[in-house]
Amino acid sequence: MDYLVKNAGFGDILEKVHDGERLSIADGNRLFESPNLLAVGYLANIVRERKNGNNAYFIYNQHINYSNICTNLCKFCAFGKNRDSDLAYEMSVEDVRKKVLERISEPITEIHMVGGIHPDLPYSYYTDLLKVIKAERPDVHIQAFTCVEIAHLAEISGLGTVGVLEDLKKAGLGSIPGGGAEVFSPRIRQLTCEKKLPGSAWLEVAKTAHRLDLHTNATMLYGHIESIEERVEHLDMLRRAQDETGGFLAFIPLAFHPRNTELSKLSRTSGVDDLKNIAVARCFLDNFPHIKAYWVMIGQKLSQIALSFGADDVDGTVKEEIITHMAGAETEQAMSRDQLLRLIREAGRIPIERDTLYNVINSY
Amino acid sequence: MSNFNSIQQKILKSERLTEQESLVLFRDGNLYDLGFLADFVRWQKHPEPIVTYVIDRNINYTDICVSACKFCAFYKVPEDAEGEIISFEKLQNKIEETQKLGGTQILLQGGLHPDKQLEFYEDMLRFIKKTGIHIHGFSPPEICHFAKISRLSVAVVIERLRQAGLDSIPGGGAEILSDRVRNLAAPRKCSADEWIEVMRQAHLQGLKTTATMMFGHIETLEERLEHLLRVRDLQDETGGFTAFIPWPFQPDNTALADIPKTTSHDYLKMLSWSRIILDNIPNIQASWVTQGPKIAQVSLFFGANDFGSTMIEENVVAAAGVAFRLAEAEIRSLVEDAGFVPQQRTMDYSFVTAG
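Chains as they are written, first to last, in this note's numbering: chain V, 1268 to 1631; chain L, 3 to 357.
These aren't lab readings, by the way, just hints derived from the structure by calculation. Take the hints with a grain of salt, since some may be wrong.
As the list claims (entries may be wrong) - In silico lysine-lysine, BS3-like type, Cα no more than 27 angstroms apart, as pairs:
#1 V:Lys1462 to V:Lys1532
#2 V:Lys1398 to V:Lys1437
#3 L:Lys263 to V:Lys1273
#4 L:Lys263 to V:Lys1586
#5 L:Lys102 to L:Lys210
#6 V:Lys1348 to V:Lys1532
#7 V:Lys1318 to V:Lys1342
#8 V:Lys1437 to V:Lys1401
#9 L:Lys118 to L:Lys96
#10 V:Lys1318 to V:Lys1365
#11 V:Lys1273 to L:Lys12
#12 L:Lys15 to V:Lys1273
Stated by the list, open to error - Far from chain L, by Cβ distances over 10 angstroms, these chain V residues were calculated:
#13 Leu1271
#14 Asp1279
#15 Asp1540
#16 Arg1609
We treat Cβ as the ideally placed atom computed from N, Cα and C, and that holds for glycine.
Only chain L is shown next, with the shape it has when bound in the complex (with noise of 0.2 angstroms):
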């Protein structure tokens, strides 16, 4: 108990823990221990009563994946006929909807596609350049894949990307950062130091990146923690994170479907942890795709000062944006509801003022 004690103190004094503090911490720490020490940092860092959200839309330009990872149930395998690539033109009115429901940021990202050379993502990101949105575009799985497929290193085709367009990168394909659940979960993807390195020179080259972070699968906690720590020594070095994304695995559908779904218990406590063991990430973000409206409001007394993404869907863009504009009153009056001023923002989280 005592130890319990001087890892809240630390805690409080902005101090770091060791590993196995931080794993005592979420062990023996109940709700109210993780959620009052979380809010503390939480309020460190944003002493304004603020909570923001972006208006963005999700774009993915291929299903078609050679990945095959086994929590995924998205993609379609090269052989799949019903496997398809964007067209331009689809491209175009998507973000032209986008750009009429106010929004700032596309978020740009797709299957492993078995061979196309990077030339095709560039004419891509020249081509949503003339929009002027910004592109929040390719996680470091696909960085890594359009590497190799076009035998460059990491960094010539960050390099390129940016000349075409990119303006950052978004932290999918984390999943968990350590090479044994990767090699059972997802054994075609990156590796755990193939991701930090595509983080590393991205924001060696001045763009920004999101980290996310997918739990509650085949992970122990210890690799829970060793993903915190990677993100957090990286940041250490270059400081180029500004949100960091902790989500549940979503069994259905999946070869994994058998594990069962995270609880809503299990969410906040991990949401916290993260808050307080990742001291030098500014924003944490709230799922509401993953927790609903009510656990993702819930959130922000867990050290969420962040609603994420209205996620603007085909269907409801389809039926004249009315669907949208609730999606995001309903976010506004969410966080008004608890108590915080909702504030749209970019993704390098300045605010939106024009309403």
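The shape of chain V in the complex, shown without the other chains (with noise of 0.2 angstroms):
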């Protein structure tokens, strides 16, 4: 099939793939632009395939969002909450070990816990949610607290990035989620969430955790205001920040969900946006292990196509999914292991468990 993308104009491209040459940035903008929507998941697919062969990975975990308070009200969220509002809430110690021991009996391996930029929980509430989980989950692995919590604790501990990240470490903290990425361009960032870390410093924070041997995720919340070479350049400094570091397991493109937003108006991503944002980062990021199709964001169905377009994970069985399903996500909650399974298998990949560091825990 190789000429039918040579013949799509992609033959400079197809060459760089196969002989695992860097793309430029022009290259990506290409990608993006091209109509041709086969021949973009063809060399994503070819990427795919020589990093993680036939392998799909899925992970058995559960999504606990401690509380939706915000000082940082970003326009395209509809989690985030000011105090006062009758939608907030938020979560006491107890209140997580409840719902930890809720599903103490299944066989998860990841708790991934996020929240809001609180204006006054004290520090030591964030390392009590991480001990209290410990305590009655000793062999979880802990995935909590974007880049952009991270900063925040840094500052109302006064301990600063790398003293926050060896106490938070101390206290269970396993790895870090890629949320709060958004999108780098401080024109965007400024129409969107002034208020939010800088692209440069979420970088920073990221690369800080990765020199202390914590591993992170990485993100990009695409299909709102943003450009495709604003799209290319947040690819790009990705891409810097991984040579220098290596930190980073896996780029996950999130689907902007308009309702309840301030940017309601907008329309939602479409399958071919979405599949392309795989794609193109898939070719694009050549030093990251692993692309995430997230179910939750673009649902089952998409999600196993991307499984061909450049994605190698699908994230895993989530329960409980609250931040994209106030913002009108129409995809259900949570996913059984068997349904994973099917998915994964229809698609002609191999299903394989991972936990969160992309160990392998259980081959299907």
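Relying on the hints, combine the two individually framed chains into one complex.
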């Protein structure tokens, strides 16, 4: 099928992809702009199969969102609320313990925990959350607190980034999720989330974590007001950071969901754009081991197709996803292991249950 | 592998595959093999980047049905007090609403009613015809059923329906055109031969029809191919099919509810395969109703050149047509976002130009 990709005008990129040569920013822009979805996907699939063979990863995880009270109130977010909002909530440390106990009999290997930038919860609250989870489930891996939350905790604890990361690690933190990256471009942050940690600072937190042997993920919230050039610039910044530290595990493109946000007049992302974001990321981020098609964001059907468009991971069982569902996601809130296995097998891939760090737990 | 290469070459040279080659293509081909080849065939047939859709309304004149198919969640048995036949007044309202929304046709289908004679259907057609709307109605199982109840030949039934105002025939009730599958899943429905014969008679009388296929239940891959080949053979003979619409079985609330739902991967492969095998059928429809907007849009790269129907629904129309307008706008924007030009059409794929 190589000749069809050449016919689509991608002969040069195909050669680079075959040779494992790095794509330029112009290449990234061209891939995003191409109307030939199959050609872009085909290129991504070459990289995907070289890096991850026929494997498709999933994880048995639990999501806990400890509070939606947030001082940032980004325009693309339907989750964050003012403290006085009727929809505001805050879990106590005991509440979180109960959440963990509710599912204690399940073979959960990861607890994924994020929340808003809360105005006055003390630093001890956050370390207590980690400790209570570890007390109830000593073997679980806690992936918690985006780089934005880490920067906030560094400030309120007075420990600085290195100090707070070391302290959180001691309390049980295993790794850091990729949220809060949004789009790094200062123009986009100015227009949509001016109070949020700047992109350069987000990257500094991530790199600092990597140097302390904490792995992190990276995301990009696409499909709102960003341009193609800003997407590729974002990917380029991630690629450079990864060259420096090698600490990113997965890149996860996140589809913007407009409902209940201040940008609710925008439309939802399309299937073509969802697949392109996955495929271009796979081609461009040559130093990222994994690309995740997060099914909560794009639906089970499209995440299955994404396994042929560059993705090698579909996230996991999730359960009780709140953040995207508050923004009108019509996907389910959880998937069973059997559903995940079938979705992956029917896509012609081998289901691999992994832990957070991509160690194989079970191959099906 | 060289075998697979020669299969690809045949498709690129517009040569027909043998049955064995067709099966190898589906079994050994990945999503890209099938997608690229289907996309190639699509552009050969439709060199313009146009994706069509129709504004129509699905009207079910009755849900009372003697067929009781295992894959159906719609029917009521004749003894069920909740079964209904639509009134002429309701029909009139639905059609007027459709026309107000720019609709050009109705899809008129119903259950196999135990005792209505052909005159009943003729009266209904004559009544509807007064509105001037295109009537795309009565799938082959209904026509076979009318013939049996009224003790007439299929040809005579079609002739009389045509004279009463029938414009074209929908391709429903084809399910899988293999008698093994039909005997197990829909034993009281018309046979594969009967389905084909209705379409042959319709085409001979100058009526255009579509063809569907409901896959992903108890059929084998060989039986899916048998279905495609029966449709292709008749098309070679008559040329009367305008479009093919493959859609996956939806198990919820049916007697086959234990069968897992076809995944989007299998859907896109099946869609592509249909585009490649049915080299004589001009149009292939995406099924957004079963696949949702994201996969339907992606289908445009896997052989589909038509987005099907906007499917005006009762409750939607009740809300003053607003949701429907959005539905048409959504179809148009999905098509544009994928890099194509949206175009409203009629049943025979003529473009509707008035805005």
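Cross-check of the supplied hints:
1. Between Lys1462 of chain V and Lys1532 of chain V, the direct Cα distance comes to roughly 22 angstroms. Compliance with the 27 angstroms bound is thereby established for this hinted pair.
2. Taking the CA atoms of Lys1398 of chain V and Lys1437 of chain V, the gap is near 9 angstroms; set against the 27 angstroms cutoff, the hint holds.
3. At most 27 angstroms may separate the alpha-carbon atoms for a hinted pair to count; Lys263 of chain L and Lys1273 of chain V exceed this at roughly 36 angstroms.
4. Between Lys263 of chain L and Lys1586 of chain V, the direct Cα distance comes to roughly 21 angstroms. Compliance with the 27 angstroms bound is thereby established for this hinted pair.
5. Distance restraint check for Lys102 of chain L and Lys210 of chain L: the Cα-Cα separation of roughly 25 angstroms lies within the 27 angstroms cut-off, and the hinted pair is therefore satisfied.
6. Restraint check: the Cα-Cα separation between Lys1348 of chain V and Lys1532 of chain V comes to about 20 angstroms, which is no more than 27 angstroms; the hinted pair holds.
7. Between Lys1318 of chain V and Lys1342 of chain V the alpha-carbon distance is near 36 angstroms, which puts this suggested pair outside the 27 angstroms criterion.
8. Only pairs whose Cα atoms come within 27 angstroms are accepted, and Lys1437 of chain V paired with Lys1401 of chain V is accepted, the gap being roughly 11 angstroms.
9. Annotation: proposed proximity of Lys118 of chain L to Lys96 of chain L holds, straight-line Cα distance about 22 angstroms (limit 27 angstroms).
10. Simply put, Lys1318 of chain V and Lys1365 of chain V have alpha-carbon atoms about 40 angstroms apart, too far for the 27 angstroms limit, and the pair is violated.
11. Straight-line distance between C-alpha atoms of Lys1273 of chain V and Lys12 of chain L comes to about 20 angstroms, which keeps the hinted pair within the 27 angstroms bound.
12. Straight-line distance between C-alpha atoms of Lys15 of chain L and Lys1273 of chain V comes to about 19 angstroms, which keeps the hinted pair within the 27 angstroms bound.
13. Some Cβ of chain L comes within 10 angstroms of the Cβ of Leu1271 of chain V; the nearest lies about 5 angstroms off, and the non-interface call is violated.
14. Separation of Asp1279 of chain V from chain L is adequate, the least Cβ-Cβ distance of about 19 angstroms exceeding the 10 angstroms criterion.
15. Listed as a non-interface residue, Asp1540 of chain V fails to keep its Cβ farther than 10 angstroms from every Cβ of chain L; the least gap is roughly 7 angstroms.
16. Non-interface call for Arg1609 of chain V relative to chain L: violated, since the shortest CB-CB distance, roughly 6 angstroms, does not exceed 10 angstroms.
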